[in-house]
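A.B. asks: Residues per chain are reported as follows:
Protein chains: 2
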Amino acid sequence: MPDPTISDRRKDEASAWFVALQEKIIAAFELLEEEAEGPFAKPDMAAGRFSTKLWRRTNETGGDGGGGRMALLAGRVFEKMAVHTSTVFGAFPPEFAKQIPGAEEDPRFWASGVSLIAHPWNPNVPVVHMNTRYVETSRAWFGGGADLTPVLDSRRAQSDPDAQDFHAAMKRACNDAQNPAADYEKYKQWCDEYFYLKHRSEPRGIGGIFYDYLDCPAGDDPVFAKNFAFTRAVGMGFLSIYPELVRRNMALVWTSADREEQLVRRGRYVEFNLLYDRGTIFGLKTGGNVEAILSSLPPLVMWP
Amino acid sequence: MPDPTISDRRKDEASAWFVALQEKIIAAFELLEEEAEGPFAKPDMAAGRFSTKLWRRTNETGGDGGGGRMALLAGRVFEKMAVHTSTVFGAFPPEFAKQIPGAEEDPRFWASGVSLIAHPWNPNVPVVHMNTRYVETSRAWFGGGADLTPVLDSRRAQSDPDAQDFHAAMKRACNDAQNPAADYEKYKQWCDEYFYLKHRSEPRGIGGIFYDYLDCPAGDDPVFAKNFAFTRAVGMGFLSIYPELVRRNMALVWTSADREEQLVRRGRYVEFNLLYDRGTIFGLKTGGNVEAILSSLPPLVMWP
Numbered sequence: 122m123p124d125p126t127i128s129d130r131r132k133d134e135a136s137a138w139f140v141a142l143q144e145k146i147i148a149a150f151e152l153l154e155e156e157a158e159g160p161f162a163k164p165d166m167a168a169g170r171f172s173t174k175l176w177r178r179t180n181e182t183g184g185d186g187g188g189g190r191m192a193l194l195a196g197r198v199f200e201k202m203a204v205h206t207s208t209v210f211g212a213f214p215p216e217f218a219k220q221i222p223g224a225e226e227d228p229r230f231w232a233s234g235v236s237l238i239a240h241p242w243n244p245n246v247p248v249v250h251m252n253t254r255y256v257e258t259s260r261a262w263f264g265g266g267a268d269l270t271p272v273l274d275s276r277r278a279q280s281d282p283d284a285q286d287f288h289a290a291m292k293r294a295c296n297d298a299q300n301p302a303a304d305y306e307k308y309k310q311w312c313d314e315y316f317y318l319k320h321r322s323e324p325r326g327i328g329g330i331f332y333d334y335l336d337c338p339a340g341d342d343p344v345f346a347k348n349f350a351f352t353r354a355v356g357m358g359f360l361s362i363y364p365e366l367v368r369r370n371m372a373l374v375w376t377s378a379d380r381e382e383q384l385v386r387r388g389r390y391v392e393f394n395l396l397y398d399r400g401t402i403f404g405l406k407t408g409g410n411v412e413a414i415l416s417s418l419p420p421l422v423m424w425p
Numbered sequence: 122m123p124d125p126t127i128s129d130r131r132k133d134e135a136s137a138w139f140v141a142l143q144e145k146i147i148a149a150f151e152l153l154e155e156e157a158e159g160p161f162a163k164p165d166m167a168a169g170r171f172s173t174k175l176w177r178r179t180n181e182t183g184g185d186g187g188g189g190r191m192a193l194l195a196g197r198v199f200e201k202m203a204v205h206t207s208t209v210f211g212a213f214p215p216e217f218a219k220q221i222p223g224a225e226e227d228p229r230f231w232a233s234g235v236s237l238i239a240h241p242w243n244p245n246v247p248v249v250h251m252n253t254r255y256v257e258t259s260r261a262w263f264g265g266g267a268d269l270t271p272v273l274d275s276r277r278a279q280s281d282p283d284a285q286d287f288h289a290a291m292k293r294a295c296n297d298a299q300n301p302a303a304d305y306e307k308y309k310q311w312c313d314e315y316f317y318l319k320h321r322s323e324p325r326g327i328g329g330i331f332y333d334y335l336d337c338p339a340g341d342d343p344v345f346a347k348n349f350a351f352t353r354a355v356g357m358g359f360l361s362i363y364p365e366l367v368r369r370n371m372a373l374v375w376t377s378a379d380r381e382e383q384l385v386r387r388g389r390y391v392e393f394n395l396l397y398d399r400g401t402i403f404g405l406k407t408g409g410n411v412e413a414i415l416s417s418l419p420p421l422v423m424w425p
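Going down the list, the protein sequences come from chains E and A. Just so you know, we're using our numbering here: the first sequence kicks off at 122 and counts up by one. Just so you know, we're using our numbering here: the second sequence kicks off at 122 and counts up by one.
Honestly, the hints are just simulated from the structure, not real lab data. Check the hints yourself; a few may be wrong.
Rough simulated footprint, nothing fancy, chain E against chain A, three-plus residues with beta-carbon under 8 Å [claimed, not checked]:
| # | segment |
| --- | --- |
| 1 | 391-404 |
| 2 | 417-424 |
No more than 25 Å apart at the CA atoms, straight line, and that leaves these computed lysine-lysine pairs for PhoX-like [said to hold, decoys possible]:
| # | chain 1 | residue 1 | chain 2 | residue 2 |
| --- | --- | --- | --- | --- |
| 3 | E | 307 | E | 347 |
| 4 | A | 174 | A | 145 |
| 5 | A | 319 | E | 219 |
| 6 | E | 307 | E | 319 |
| 7 | E | 307 | E | 292 |
| 8 | A | 307 | A | 319 |
| 9 | A | 174 | A | 132 |
| 10 | E | 319 | A | 132 |
| 11 | E | 174 | E | 132 |
| 12 | A | 347 | A | 307 |
| 13 | A | 319 | E | 174 |
| 14 | A | 292 | A | 145 |
| 15 | A | 292 | A | 307 |
| 16 | A | 292 | A | 347 |
| 17 | A | 163 | E | 163 |
| 18 | A | 219 | E | 219 |
| 19 | E | 174 | E | 406 |
| 20 | E | 319 | E | 347 |
| 21 | E | 145 | E | 132 |
| 22 | A | 174 | E | 319 |
| 23 | A | 145 | A | 132 |
| 24 | E | 406 | A | 219 |
| 25 | A | 319 | E | 406 |
| 26 | A | 219 | A | 132 |
Away from chain E, derived, C-beta distances all over 10 Å, residues of chain A [said to hold, decoys possible]:
| # | residue |
| --- | --- |
| 27 | 129 |
| 28 | 165 |
| 29 | 222 |
| 30 | 301 |
| 31 | 320 |
| 32 | 365 |
| 33 | 378 |
Virtual Cβ for every residue (Gly too), placed ideally from N, Cα, C.
One chain only, chain E, in its complex shape (with noise of 0.2 Å):
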C-alpha cells in the first residue's frame, strides 16, 4: 500500500470532493425544478426536494466497512434522479480481486465517488449519467465520465445542438486551462465503446467521455494532483452544461406518442446496466449497497 501519510491525504481529499460535487449537483437540481413552469406532467406538480440518507456498509465477512450518502428526488422536471456518494473500503473476494488492478496480491481496497443518473419527465430533455472516482489497492487511480442520452429519435443525431453542447463541455473538461490536457478523443472513444448494446448493435445515446485506471503512483503528488483536478473538471463540466440542456428543453410540449417513445427508450437503459454495466453487476455480486446501485433504473419502462 502507498505511505499511509500521503494516501490518508488524498484520500480525504477525493472523498471531500465527492461530497461537495454532490451538494453542488442537489442545489443546481432543485433550482431547475424550482424555475420549471410546465408543462408538466400533471399539472399541479410541485417543485422537488431531494431526500437523502445515509447509509453503513456492512459486510459478512467483517473487517469491510464504509458507507455513503444517497440523495434521490422525484420532482416535476425529474420523474427519478439520483446523486449518490460512497466511501467504502475492505478486502476484494478472491474471484473479485484478480480483475481488479493491484488487488492480485493484496486483496484490500479502499473507493469513494460519486455517481448520478437524471430521468426527466420531458421526452426532449435528455437522460444523463456522471461518475467519478478514486481507487486504492496496491495502486491508485482515478476514473469516471459522463454520457448523455436523448430519448425520442429525433433528438439521438451527433448534430442536434444538445448533442454537441454535451461533447464540447467535455472537450473543454480535457483541456481546462489549469490542468495539463486529457486525452479527449480517446476517452470520447471509450465512452462510444462503452456505452453500447452489443445484442443490439446500438449506442446506448450519443456518448461523452469514459476513462479508468488513471494512475496515481505513490510519490508522485504531480501526477495525483493533475489527475485529481481532471476529475474535478470533469464534474464541474458536467454542472456547466446539463443544466442549460435542461433549461432550453424542459418547457417544450411532448405527445403521447413522445411518452410511449421515452418508455420504450428507458427499456434499452435497463438493458445496459443490467447485462453490460460493469459498476451495477459489480456492486450487485459483492453486496453492494442494492437500494443505491438499483435507483439508476428509470421510474416507469415499456417492453411492448
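Since the structure of chain E is provided, determine the placement of chain A on it from the hints.
C.D. replies: Relative to the frame of chain E, chain A by itself:
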C-alpha cells in the same frame, strides 16, 4: 456425434413435440381470452389473438442455421404473452463451447425447444414461465421446467391454493403413471435455487420445477423415451394447471395499489432475466434472436 439415423429420429420427434405443444398453448390461451368477461383494464377490450412470426437464424460465422416461430399475444387477459419454438444448429463460439457438456472438443450443437412467459393484466393472476428443450452436442439431453410468480405479496405464500395446486401439478408431471418417476424433490429444489435474486435475497416466485442435462446416451432408446415422456408431461402438466389458475383469478377486481405492486414486482422479473437467467444472457451474447429472447420482458414496469 451420435449415430445420425438415431439422432435424426430423436431430433424429429423432439422438435415436432415442441411445435405441437406451442399449438396447444396457443389454443388454450386464446380460449381464456374468449371466455373472460372482465373486469378489463379498459372496458372495451377485445379477446386477444396470437400473431406469429417465422424467423431464420443467420450467423456471421456461416454454417449455422435453423430458425423458429414466435407467437405473441397482447390481449385483455394477458397484457403480454409469448410462446416461441426454435430449432437451431451450428457451432458454439470457443469461449462458450467449454461451458457446454459434450462441446469441449467438438463445438457443434443442435437444439430445439419451446419457451413461454405470460404477463397477465390482472394482478391477481400469477405470472408463469415454462420452457423445455432437447440439446445434442457429442452428448444429448433434455432440460426445462416451469415456475409460477404471483405478483401480489398477499398471494406469494406457499399456503396459497394457487401455489399448492401448481406444485401438485408439477409433482404429477414427475410421477405420471405413464412414465417412470422423475426426481420431483430434486427438481423442485433446483427451481428454488435457480429462480432466486441473490442481490435482494428474495425468490422470484413460489417455485415449480427446473431440470437440466437429463442425459440421453446414444444407443439407449428406453432412456431417451423416458426422458422425452417426462418432458412432454411437464408441458402437459403446465397446460393442466395454469389455465385453471387464470380462470379462478381473472374475474377478481383489483385496485390501483394492486396494479402498482404488480408493476414493481415485474421489475424483479426484469432484474432476474437480465442479471441471472442463463438462457437470456447466453442467447443475447451468442447472436440469438433478440426480439424472441427479450419478449420475456414485461410490457410495463416500475422502479419507483
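A.B. asks: Each hint should be assessed against the structure and marked as holding or not.
C.D. replies: Status of each hint after checking the structure:
For the segment 391-404 of chain A, the stated coverage by chain E holds: 5 residues have a C-beta nearer than 8 Å to a C-beta of that chain, and at least 3 were required. Against chain E, the segment 417-424 of chain A contributes 7 residues with a C-beta closer than 8 Å to a partner C-beta. That satisfies the three-residue criterion, and the hint holds. Between residue 307 (chain E) and residue 347 (chain E), the direct Cα distance comes to roughly 17 Å. Compliance with the 25 Å bound is thereby established for this hinted pair. Note on residue 174 (chain A) and residue 145 (chain A): the hinted pairing holds, with a Cα-Cα distance of about 17 Å set against a maximum of 25 Å.
Using a Cα cut-off of 25 Å, the hinted pair residue 319 (chain A) and residue 219 (chain E) holds, with the two alpha carbons roughly 22 Å apart. For the given pair, residue 307 (chain E) sits about 20 Å from residue 319 (chain E) by alpha-carbon distance, which is consistent with the 25 Å threshold. A hinted pair counts as satisfied when its Cα atoms are at most 25 Å apart, and residue 307 (chain E) with residue 292 (chain E) qualifies at roughly 11 Å. For the given pair, residue 307 (chain A) sits about 20 Å from residue 319 (chain A) by alpha-carbon distance, which is consistent with the 25 Å threshold.
For a cut-off of 25 Å, the pair hint linking residue 174 (chain A) to residue 132 (chain A) stands: about 22 Å separates their Cα positions. Only pairs whose Cα atoms come within 25 Å are accepted, and residue 319 (chain E) paired with residue 132 (chain A) is rejected, the gap being roughly 32 Å. In summary, the hint linking residue 174 (chain E) to residue 132 (chain E) is supported, as the alpha carbons are separated by about 22 Å, within the 25 Å threshold. In summary, the hint linking residue 347 (chain A) to residue 307 (chain A) is supported, as the alpha carbons are separated by about 17 Å, within the 25 Å threshold.
With a C-alpha separation of about 23 Å, the suggested pairing of residue 319 (chain A) with residue 174 (chain E) holds against the 25 Å cut-off. For a cut-off of 25 Å, the pair hint linking residue 292 (chain A) to residue 145 (chain A) stands: about 21 Å separates their Cα positions. The straight-line distance between the Cα atoms of residue 292 (chain A) and residue 307 (chain A) is roughly 11 Å, inside the 25 Å bound, and the hint therefore holds. Taking the CA atoms of residue 292 (chain A) and residue 347 (chain A), the gap is near 16 Å; set against the 25 Å cutoff, the hint holds.
Using a Cα cut-off of 25 Å, the hinted pair residue 163 (chain A) and residue 163 (chain E) holds, with the two alpha carbons roughly 21 Å apart. Between residue 219 (chain A) and residue 219 (chain E) the alpha-carbon distance is near 21 Å, which keeps this suggested pair within the 25 Å criterion. Taking the CA atoms of residue 174 (chain E) and residue 406 (chain E), the gap is near 22 Å; set against the 25 Å cutoff, the hint holds. Straight-line distance between C-alpha atoms of residue 319 (chain E) and residue 347 (chain E) comes to about 34 Å, which puts the hinted pair past the 25 Å bound.
For the hint linking residue 145 (chain E) to residue 132 (chain E), the alpha-carbon distance of about 20 Å falls within 25 Å, and the restraint holds. In summary, the hint linking residue 174 (chain A) to residue 319 (chain E) is supported, as the alpha carbons are separated by about 23 Å, within the 25 Å threshold. Taking the CA atoms of residue 145 (chain A) and residue 132 (chain A), the gap is about 20 Å. The hint holds against a cut of 25 Å. Straight-line distance between C-alpha atoms of residue 406 (chain E) and residue 219 (chain A) comes to about 23 Å, which keeps the hinted pair within the 25 Å bound.
Taken as a hint, the residue 319 (chain A) and residue 406 (chain E) pair is honoured in the structure, with Cα atoms around 8 Å apart against an allowance of 25 Å. Proximity of residue 219 (chain A) to residue 132 (chain A) is assessed by CA-CA distance (about 23 Å); at most 25 Å being required, the pair is judged to hold. Residue-level check passed: residue 129 (chain A) sits 32 Å from the nearest beta carbon of chain E, beyond 10 Å. Residue placement check: residue 165 (chain A) keeps its beta carbon more than 10 Å from all beta carbons of chain E (closest about 18 Å).
Even its closest Cβ contact with chain E, about 23 Å, leaves residue 222 (chain A) beyond 10 Å, as expected for a residue assigned away from the interface. With a cut of 10 Å on Cβ distances, residue 301 (chain A) stays outside the contact zone with chain E, its closest approach being about 40 Å. At roughly 4 Å from the closest C-beta of chain E, the C-beta of residue 320 (chain A) falls inside 10 Å, breaking its exclusion from the interface. No Cβ of chain E approaches the Cβ of residue 365 (chain A) within 10 Å, the least distance being about 28 Å, so the stated non-interface status holds.
With a minimum CB-CB distance of about 16 Å to chain E, residue 378 (chain A) clears the 10 Å threshold, and the non-interface call stands.
Hints 10, 20, 31, counting from the list given before, are not met by this structure.
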